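K.L.:
Read off the chains here:
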Amino acid sequence: MKKKELKTAGLKLSKNFKMMIPMLIGILLLVALAITAVPIEFYTTIFTGNVFIDSVIGAIFGSIAVGSPINSYIIGGELAVNGISLFAITAFMVSWVSVGIIQFPAESMSFGKKFAITRNVVSFILSIFVAVVVVLTMGAIS
Amino acid sequence: MKIPKEWRFLLVVLAIYAIIGIFNYSVFENAALKFGYLLIEILPTIAVVFGLLFVANLLFTPKKVIKHLGKGSGIKGWLMMIVGGVISTGPAYIWYPLLKDLREHGMKNSLISGFIYSRAIKLPFLPIMIVYFGWEFTVILTIYMAIFSVINGIIVEKIVG
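For the record, the sequence lines run as chains A and B. Residue 212 in our numbering sits at position 131 of the first sequence, with consecutive numbering throughout. Residue 1115 in our numbering sits at position 159 of the second sequence, with consecutive numbering throughout.
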């Protein structure tokens, strides 16, 4: 491998690094703040009992929430114990990982505002679709 | 002097912390501690991502990226996207620099969007999901997430181009 190629790749990496580090630190600070400000118990208090409305509420709160997917499984498990519908729980868990309101500034800076808005809106709508087909499939095979 | 947008974003977040620190020191302190834990947790993944970025800068020419992840990549491109999304670790935003770089080399928007979506399938976490929701639910959700990552990518590509 040529020395010049290594140097070019290194220079490009340092440029990427300089651009991404302030953004990553900013996002991590926001994520830390969101996790601190919204306790896990809060999620059990937001549902209404209506399957459709709860699915939308689940998707909305999943979109805002941040953290490891494990947290969404644990919260989802707690919601199931409290009698929340599987539609709402599935929409919540799917949007938790596929939609990122907190990460939006970083996504927008990396891929452009149009891409970030489109991807998040499409993922939000699909989280409700996924919830519906998963629960219907489960109903059909059991 | 004009401040770059990524620094402007960080300054805004720091200003939010400063305001919270004035009005509610306990939240400020807990959030700052949480930030420290999160940073330590993701540092190894950041190192992996920047390592991959270096390799990508070194090996991937626009021609190669377009061949495997560009417009004519077909089913192979989709499979690479799903597998890449599933095996990638850490939060999605850590992967943005690498995806941005690959897009500049010719990667399709559909595959970027699909990659981010398919990251929802996390194999190491599935046993925990099984404990809470059972085998049936976990398998069905995982299969649908893989299918919908492709649908997500196609829709985003149609809208964004």
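Note that these hints are calculated values from the structure, not bench results. Here the structure is a predicted model, which means the values were calculated and not measured. Check before you lean on any hint, since a few could be wrong.
Estimated spans, in silico, between C-beta atoms of each pair [to be verified]:
hint : chain 1 : residue 1 : chain 2 : residue 2 : range
1    : B       : Val1087   : A       : Val119    : 33 to 43 Å
2    : A       : Thr218    : B       : Ile978    : 36 to 46 Å
3    : A       : Thr125    : B       : Leu1014   : 33 to 43 Å
4    : B       : Thr1045   : A       : Thr89     : 24 to 34 Å
5    : B       : Leu1014   : A       : Glu159    : 21 to 31 Å
6    : B       : Ala988    : A       : Phe123    : 19 to 29 Å
7    : B       : Gly1030   : A       : Lys195    : 37 to 47 Å
Where chain B lies over chain A, by a calculated footprint (3+ residues, C-beta under 8 Å) [stated by the list, open to error]:
hint : segment
8    : 83 to 93
9    : 97 to 103
10   : 109 to 117
11   : 129 to 138
12   : 150 to 164
13   : 177 to 188
14   : 194 to 206
Yeah, the Cβ is synthetic: ideal placement off N, Cα and C, and Gly gets one too.
K.L.:
Which hint numbers does the structure go against, in order from smallest to largest?
P.N.:
Hints 1, 2, 3, 5, 7, 11 not satisfied by this model.
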